[in-house]
Structure formats: C-alpha cells, structure tokens
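Residue numbers (my numbering), protein chains in the order written: chain A, 1 to 474; chain B, 1 to 424; chain C, 1 to 427.
Since the hints were derived computationally from the structure, they do not count as laboratory data. Take the hints with a grain of salt, since some may be wrong.
What the hints assert, rightly or not - Pairs of lysine-lysine residues, derived as BS3-like cross-links and limited to a Cα-Cα distance of at most 27 angstroms, are as follows:
#, chain 1, residue 1, chain 2, residue 2
1, A, 301, A, 155
2, B, 11, A, 322
3, A, 63, C, 400
4, B, 11, A, 22
5, B, 308, B, 270
Stated by the list, open to error - Simulated DEER-style distance windows between Cβ atoms:
#, chain 1, residue 1, chain 2, residue 2, range
6, A, 83, C, 390, 46 to 56 angstroms
7, A, 101, B, 51, 46 to 56 angstroms
8, A, 395, C, 218, 51 to 61 angstroms
Keep in mind the model is a prediction, meaning the values are calculated, not measured. Backbone N, C-alpha and C fix where the C-beta goes; we use that ideal spot for every residue, glycine too.
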Amino acid sequence: MDQKILDRLYDIVGPDGVVAHKSARSVYDCDGYTLEKAVPEIVVLPHSTEEVAAVVKFLNKEKIAFVPRGAGTGLSGGCLPVEAPVMIGTSRLNKIVHIDLLNRHVVAQSGVVNLWVSNAVKEQGFQYAPDPSSQQACTIGGNIAENAGGPHTLKYGVTTNHVLGLEVVLPDGEIVTVGGTVEDVPGYDLRGITIGAEGTFGIVTQAALKLTRQPQAYRTFLAVFESVHHATQTVSGIIASGIVPAALEMMDTLIIQAIEEAFHFGFPTDAGAVLIIEIDGLAASLDPQTERIQAICKHNKAREVRIARDDAERMALWKSRKRAFGAIGRLSPNYCTQDGVVPRTKVPDILQRITEVSEKYQLRIANVFHAGDGNIHPILMYDERNADETRRVVQAGKEILNACVDLGGSLTGEHGIGVEKMSQMPLIFSPEDLMVMTQLRSVFNPDNLCNPNKIIPTPGGCIDVTTPRRQVPL
Amino acid sequence: MENTSFVDHEKFFDCVHCGLCLASCPTYVELGTEMDSPRGRIVMLRALQEGHAQLDDEVVGHLDLCLGCRACETACPSGVQYGALIEGARPFIEEHYRRPMLERGKRWLMNKTFPNPWGARLFALFLKVGAALGLARFARSEAIPTTLRYWFGLLPERGSVSSASLLEHYPAIGEKRHTVAVLSGCVMSTVFGATNLSTVKVLRHNGCEVLIPKAQSCCGALLLHNGEKQTALALAKRNIDVFDQLDLDALIINAAGCGAMMKEYGELFKDDPAYRDKAARLTEKMKDVAEFVGSLELRPPTREVRAKATYHDACHLAHGQGVREQPRALLRAIPGLELTNLPESDWCCGSAGTYNLTQPEMAARLLERKVGNIQATEADVVVTGNPGCLMQIRAGLRQSGLPITALHTIDLLAEAYADDPGTD
Amino acid sequence: MTQAAGRPPSSQFIIDGQAPETVVYPASVDEVSRLLKEANEHDRAISPVGHGAFLHVGGVPKRYQQALCTTELSAVVNYQPTDMTITVGAGLDLAQLQAILGENGQWLPLDPPCPERATVGGVIAANLNGPARFSQGTVRDFLIGIKVVRADGTLIKGGGQVVKNVAGYDLPKLYCGSFGTLGVIVEATFMIRPRPEAQTTFALAFSSAEKAGEAALKLTGSDMQPFFLELANFSPFPSFGDQSGDEGVYRLFVGFAGMQEEIDDQRSHLRDVLGDDAGGIEELSVDEAQTLAQALRDFPVSGPAALRCKVSLQPTQLATFCADLAAEARRRHAPARFLARAGNGILYTAFGGEAVPDDQLLALVDWIRVHATSNNGFAVVEEIPPALKERANVWGTVGKAFPLMQRLKETLDPKGILNPGRFVGGI
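This is chain A alone, in the form it adopts within the complex (with noise of 0.2 angstroms):
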C-alpha cells in the first residue's frame, strides 16, 4: 500500500490504530466461513465515530474501497476483503453509551458484543432479545449488517425487530442518524433498509436497541423422538395448537452425538432427533402450556420428555445448543453450515433431500436449525487439506439450497448473503429485482467502495466459486 496513504491513515487514528505488518493483519483473512480468504492490506481500528468518518472520508476522495468488520463471526464472508484494500474494524467502537430502563431502550456503539447489552441490564429485569448463537461474542454492528436472528426469534423477533434508530457513517464519510430513540420516525424507514444490507450501505458506529422485559418464568423441555418425522409432527402440532414457543430447536443424531461428546449434557445419542422448547411468559400461563405441549409429544411418540428443573439446567441446555456449531470441531477439522429456510411445513421434505445429498456427496451433514422457523443449518463437514472434499462440500452446499428455493423458502435466514451465495441470487430474484437492489445500494453507496462484491451478484459475471480462493495465507 502506498506510503502516502499509509500515513494519512496513521495521523487520524494514530499508530495503535493500524494494522499493517502482513503476519498481523493476516489474522483478518477471513470470518467463521473459512471457505474463502483474503488477506487485507491494512487493518484500521478507529476509536470513534468521528475518526470512522474521517478514515471513510478520505478514502472516498482516494476512492480506495474498504470492508467493515465487527468481530468476525459472520457465516457468509459478509466482511471478506474482495477487492477492498483496507478493513475497517469497529472493536474499539466498544462501549455502551447510555442506558435507559424507564423507556426500554440502551445506545450501544457498534463493537458492543450481543452479550454485554443483556448482561448490563439483567440485574433490573430487561433483557436484548435477539440472541444468535454467537452472541458471546458477536458485535451489536455485524448483528445489524446480518439482521441476525437466534433462536429465540420465533417468539421475539429478528434484530431489525428490535432496533430503534442507528448513527451510520455513509460512504462518503458523512455522520447520519437514520430512525432515533423514539418510534415513529417520519420519512422513509432508512434503518430498516440499512439493517440487513450487510455492510453495503456504510458502517454503524452506534445503535438504539429495544430492552424487552425478562419473562417471569420459563419452562425448557428437551423431547427425544426416534425419528426426525415424529419430531417435525410435534412442531407442526404445536404451532398448530395456538402455541407461540420462545424457541424450537432441532437437533439429529449426528449433532447431538457431537453436543454430548463437548459439554457431557445428557442428550441420548441413540435418539434420531431431539427437540428444545421452550415457553415463556407469565409463571400463570405454564402449566397449561406444558400440558397441551407433553400432550402433542406423547401423540407423536416421544420417546421421553425431560424438563428442565433449573435455571442452571436451563443455561446448561442452551449453551450446548448455542455451541452446537463449535462442537462439530471436535468431528471434523473443518464445516460449512448453510442457513436456507423453508416454509415450517416444509421441514420434513428439505430434510429428506440433505439426506439425500449427503448420500450423493459422500459427505457427513449434521442438522441443527430452528424448527418454528423453518431455518434449517445443515452442517457439512469436510477437510480443507483434501481438496476434492472441499469441492464436494460447495457443490452439496449450493444444492440444499436450491431445494429450499424449490421449495417455496430462501437461500438464508440468518446468516447472509455475503460472498457465499452471491451466484445463487439469481434462484429467487429476477434480473428486475437485483436490479432495484443495486440502485438501493448507489443510493447509499454510489461508488460502490463500502463492501464491494457483497450480495448483489455482478450482471453477466457471476462469480461461481467451485473452489476456495486461498486456502491459507501466503
């Protein structure tokens, strides 16, 4: 990179603030989709929104494309450096500003970590509701690019459901505030475009979020069914019985054969699906619930429907299902999750064609997704160091998503669109609608320099990936 630049980047975010020897900045090739790596060519940490703008400022007058970054546990390559020479880290972006318990509301900058919003505010009762299995250390900025999800969305909502208003600094290095504190805004929803345009529309330095109240109580069942069908069945019957569950999550034999060799939880290995549930709300509103619930188990031939007897039990439960993903580490030195959704109804069919993938492949797929979403992640699992496997994994990858796609569902619920499926845009949007996207994005970004190479596929020269582009930094 050029000195020049170099220095102009040192005087406004001084020496701490950049990244520039190649082992260091090396770290930074990739997020958790490793398929794909990238080494940027520097790393800036600004410490404030103003030092964000005036990196951002001066890189659209050199008109030197850049990526965001939060904390890099994106599933997609959303902060992949794609022909963006610098990188722009929001970690020290790291402090919650204010917080306000009588109007439900904090303002967190966006290297904020998920986690640290709810643990601020537990002690009085409140709670950040979006809670991606990353949460312990995912940012309050990524969760904003991705519109991240969890598993307690089915109840409670996505993270746009949950934001009030964000400061962004755009593309050209302007400070805006889109939404605010309060909730009806007048003019176009500016926030809601921006949340989920995956870095694409410029960087949030800081957000509004939405305290919800913690329920008084909840009731957490682990149901053990011999087969997927049965258990697909009770989600079915359950929704059907007028129930909203917080969550409902699903695991198969191989995920919970991993889940149980790292945390020791007590999952039957020998189960062919598990089911997590959990209600909350009003302590009153329980036992009714967990009646209709155990009722719709036993009717579709639970083996065995456990509740969990505590706080401590409960935690336990859905820390090993949040690390899910991280377990499978301990099965194979490398996976890939996909993140497609299909209708709820449609569960049972997607997940006899990754069955059938699998076989087709030769390749070992765990599920554990959000069943009351419809929001399957196939987890499959390969070694980079064999490359023909790794082929595989993207050829299998791309096929379960086009299932869903049939379907009648979505090539992601959660985790984005970023580089990974940018060539399976075209599945489920016509030339029309990608069209309309690209010009949302020069409204925000007219140079296209903030996160290039993102989402929206190039007309006439769809990158199709059938094999990594760098396996390891060089």
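The hints should help you fit chains B and C onto chain A, whose structure is shown.
Relative to the frame of chain A, chains B and C by itself:
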C-alpha cells in the same frame, strides 16, 4: 523449508475459526486487535509452524502478550487445546528468537529464581526486605521508572509475608478418612506460609492425614510459561518420583497455577516410557485444595466470620482446572459470611504467573479493571485460590487505597475452624 | 380492469380538494404495470388509493391526474395456516383479511382505525396501527414479503414467503410508511399469529396526566404483559364520563389478552403493581370493552377536528407533554382531546370541534413541534385545513438523512409521478 514443527499439527484443526473465544480474551477486549485474541494467535502459530510467518518482533509481541489464562478454552465449543498450542510455542520462541537485552536479563533472572530453592529463598528475601523497607510506597512516586514503580507496587506490605516451616507428617483430627500429600510450592512456602498452615489445618479437621515430603520441588509451571521446557520437565520428574512412592488418596495443591500445570504431567510424559504410567497415575490424584475439600462431606466449621466476601476465579483454577463452584460452596459453609457476586469474576487480574513481571503495562490495565469490579461489590474481603492473584490484587487494592482484604479461600475457611494447638 | 378509461371520480378519491381526472381499477398486477408504464411515459401523476379513508394525511398533491384504486387486487394468493403466513393482494381490506384468518383462530396482529376501509396496501404504505402495537408491534414487524410495481411499470419483489429471511435488501421495510411514493404495492405476505383466546380491559381514572403516566410506567416496568396501554384525557364513550377532554381527568385503559389463566393472573396482580395511588380500577363488561376498543382504535380519524397531530416521544415524556399541551390548548380556546399509546410514546391529539382560527391552529402546530423536537421527538400533522398544510409543514423536517430520502425517490420514481408532493420535504 526448515522443520519448524513445535506442536502436534492436528491440534490446529480443532479450531474452526468461529470466533466465540474473542470476547473471553482479556487482551483482545482491552486492545481490540485480532492478533491479541486466541483465534488470531492460533492463526499466527499455525503460520509459524507451517513456515508462512517469520518469528519477528511483531509476532512474538502478540504471543508474549497472551496471559495464558485459558479463558478461551472455557469459551471454546470445539475443545481447542489453546494452552497446549501456546505453551508448545514458548520453547520454540526462546530457541529461535533473540529478545532485547533487558528483556533477556529479566527472563533469565526469573528462570533462575523460581525453580531453585536458594533462588526462591532469595526471592522471598527480596520480598521480605522490600516489604520491610516499605518499597511499596514508592509505587506512586514519579521519580522512578514506570516498570520499577509497578514492580515495587507488587511488593507485599510489612507483616504480610510469612514463611512457615512445615512438618513432614500431620495426623488427622477425629476419625481418619484419607491420606493426602500437600505440594508446599516455592512461592507458597516462602511468602504464603500461613496459607500452607491453613491448608493443613482444614485438611486435618476434615479427617485427613497430611504428608509433606521435604524432597519435593517446584512444579515447573513458571519455567514452562517462559519457555524453559527441559528444566521444567526435570522438576516434574522429581515431583513424580517423590509423590508416586507414597500411598495417597490425593495430592493437594493450594496454588491454582501449580495445580493447572501439574494436572498436565500426564500429557507431558505421554511419550516417555519411563514416566508415562507414573505420571498418569499421579495426575489422577491431583486435586486443588478447594476441589478436594469441596468433594468431602464437609465437617461444618463452627466459628463465625462476620464479613461480606466476594470470590475471584483464578484463571488456572476456573479455566485451567474447571474448579468454580466448590470454592464458592466452601465459602457459603462459613457461618456468618455473606458471599456476593463479583462481576467478570473469571476475568484475569493480570498476574498470570510471571506475566505481571514481563508485561507490566497490560497487567496494570487488567488489574485496574479487576479492582473496579471488586470495589463495585462493596465486599470487605476478596477471596481467591492462587498466590499470584493474591499478590496482584493486594497491590491493586493498596494502590487504590481501598480497605478491602484479599485472602486465599482456604485461609478464610481455616478461620472458621477451631484452632488446634497441635499444629499452630 | 373494470374500466380502462376510468369511472367518474367519486368523493372517495378527492385529496385536499383535488379530484383526479380519471380513476382506474386494475384487476391484475399486469394491468398495474401497464398503467404505470403508460403514466410514466406520459408523465401523468398517479395516486394509489384503496378506500380513501386516510387521504387527508400528507401534503397537498403537487399534481394529481389519476387515482389508481387497488380494491380489485383482493385475492388471497396463498394461505397455509400451519406455516403461519398469508399472501394477499394489496386491495384486500383488513377486516376481510382478519375474517379469513379468524376461521383458523389466527389474526394479523394489527388493529388500525376503520379496518373495513383500510386496505392491506394502505396499512403498509401509511404504516397504520392501533392500540395493540404495544404488545404486538407495527406492520414492519409482520410484513415478510412484498410485490411492488415501480413507477416505470416493472414488477419487483422483496422478502419472500418464509418468516425468517435475510436474502437481499429488506425491501418490505422500505415500503412500510413510504406513502405510495416509491411504487404501487400489489401484493403482501405477512407472518401471522394465533388469536388470543380471551381478553379483558380495565379502566382507571387519575386527577392528573402525571399520575396516569406514572401508573403506565409502573406497568411497563413490571412483568405484567398488557395487550394495550392507552392514556386519554377524555372518555371514549358517553356512559363513561365527559367526551370533550375538558374535565381534567386522565384515564388509563389497560387491556390484557391471551389464555384465560394469564388474564386471571394479571387481574389478581394489577392492584399490587399499581399501588394505592391508582384509585378505582374498573373492569369493563364484554360489550363495554368492545366499544372501547373500537373507539381507541378509531380515534386518529374519528369525530370532528380542525387539527390532528401525531407526536412520537419517549414514554416518560408523555405525561408532562400532555399536561403542558392541555394548558396551551386552553389558552388558545381550542378544545383538545388526547390519546396516547402510553407504552410506545405515541400521542394522538385532536383539536377543536367547532371553528378555531387558522392562526391558532398554526400556533398549536408550532408549539407541538418545538416541544416534540426539543425532546428528540417528532410531530406529524395528520389533519389540518388544506390551505394551511404548506405552512404547517405537515411532516416536519427529518434532518441529515433527507438527502438520502430524496435520492431514493429519484431512483425509484425519477419523474416524480407517484403521489408527488405528498410526503416528507415535498417528495
């Protein structure tokens, strides 16, 4: 490519790059740099091993800054043995990388001090003399260099240093339930002698016959942290020889740092036919004192201790040995004691073996954070299970002028048992 | 389309005194496309209209040549009760939609005014909602997929048919509250919910806005789960006190919904949470509760008023704002009725049944806007004599984000044929 392998390569593949460890890492949260996170360090270690990265100031700087607190292992869902990776790299770094002179001198001094009984006595003498001269008060003086100021700050206060000569054998009080040995430890025996006596007292009150063989040596942890693997192994062998010949139910360790290291003897000698079995056998018996006493049916302590206490999880106890609940349960068993929750209780205090000596700046940042959290609890006593933490936290409390005492778990528990004229 | 050339315009399509030259009733998405393409080519200004119940909201049209009435796009495209989603044409009215869902014990959890005169497209475009927003949310929380015809006639879609979806930009959000200025909404997919099994309402009376506000905050800070929480300075129906808003009594209406067990439990705890200051807590009969729900729901458009404003504030700011505004209104001899969504910080106001001089109305708008913005809030004038609209600047200003909104409009409707002049900053 030269052979740069320093650790079992397969261990790198346990890491799936999910990043869940990031926010558990004190240096990452303080600095916000991925190179100072467990995931980043693993990437660098792998690049080193594969020959893609040079062992230069930048890389070594980030690896050196690792506290070795292993909070990341607790956070990791994939079971990455981060400790093994970083400890494996330390000797490699010492062998292939030349540090600046001052840094080399510092490390040499430490490596010579801790494993050697004379060195340890020398160290104790330094601490005692320092304490007697009241050097700690210079910790806030602008007239001396920052590093020195920080080191002086760590010195214990007059009167708080105790060495105790221990007997080799103590009978159980009441009905005998177990035979145990105690690791006296080099820092423990010279600076925290009273804690060793407390350990003996609590064990005896709970029906244990206690053996403390004189021939035992330093556990080797500090050496290993500083990359002196061969010396560390020699010390470990000596301990294995000494303790393995006794007929023990448990080997009790009251310094979390020593415990975490010794519990790895089995792993360390797994390829050594002469020591493999002995090491594995002994490792099975190693128990932190709180872990062991907590597993007994506790003979209820009777003396009231009226205080509000809060518990700090020593890294090498919570993350290194998974001992979290037992010390808290013991504290709850003390009549009159109120136990309050410490925010970020399992966040490293910055002591981390000799870290506060080699990385004073980061250590001071973490200490400030820890003291702030302790202060917020409004407790009178902060309790923990590691001598390094105690020295560090005491220094922090003193510098902030807070009237809060820092005690070892077992000291507080011993308070609650009646004095036994036979041992004191 | 029933009649391509259009029927003679009825009063239903008059906006601020302006009647369109033609009204068209497309019966298919293709027809909407063709009409817009044509209009765009001929630079003909179009306003999408449903039943016309909310046309008084918004700025005076700069141009208004054609009304595009969506009511014939009222098909149920797809409804899978166990998927808890429904896709319908934008012209379906909300009352019909709820009736269809009701057959399966489900509903779209929105209760905007006049559901039989509010089309799905209108609810989305005008971001209409009602008291239930406190517990349920607003239309942006339920809209998961949308089809829109752009000004140039191209059909685009965003979102999909599944409840969780982050593929591509979140177009559905962009169209919520976009006021028909970015395209004609032709189809929408919603996530739906089970209908509450039981419901009940409590009425409480207080001698001041502050006391009523405090009680509301006690409820939102407790682990009670009110279905709605409404604060009013008038009685919504005659059997229940003064309807004018002059008596100085503030009422809090607390609704609960859900399983019978939940309602019973909350009934028994309401007094504990509110404390002794709460005075009388009256539980309404089923009939009363129904009448009340309707009155609360319809308040933003019911009864005569010379001026209606919607103010968005922090919930804690509501009570003081109400008390100060009541004093201001008295000073200006403009009878004022307030209804606040107390848990959301949203305040609806209606001034004057009889003639209030124009300058007094404008002075009230000023007062409201100054006090709202100084609290980081916003005020929108929802109804005022058209002649005053420009001076009242009905939407207020939106700050530094405005250039982005302008660019959005220019991108999606470069010739400005869709509802020109009706939205913020004259968009």
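Taking the hints in turn, this is what the structure says about them:
1. A/301 - A/155: Holds. Residue 301 of chain A to residue 155 of chain A sits at ~26 angstroms (cutoff 27 angstroms).
2. B/11 - A/322: Holds - the C-alpha atoms of residue 322 of chain A and residue 11 of chain B are around 23 angstroms apart, at most 27 angstroms.
3. A/63 - C/400: With Cα atoms ~23 angstroms apart, residue 63 of chain A and residue 400 of chain C stay inside 27 angstroms; holds.
4. B/11 - A/22: holds, 24 angstroms
5. B/308 - B/270: violated, 45 angstroms
6. A/83 - C/390: 46 to 56 angstroms: holds, 48 angstroms
7. A/101 - B/51: 46 to 56 angstroms: About 55 angstroms separates the Cβ atoms of residue 101 of chain A and residue 51 of chain B, which means 46 to 56 angstroms holds.
8. A/395 - C/218: 51 to 61 angstroms: holds, 59 angstroms
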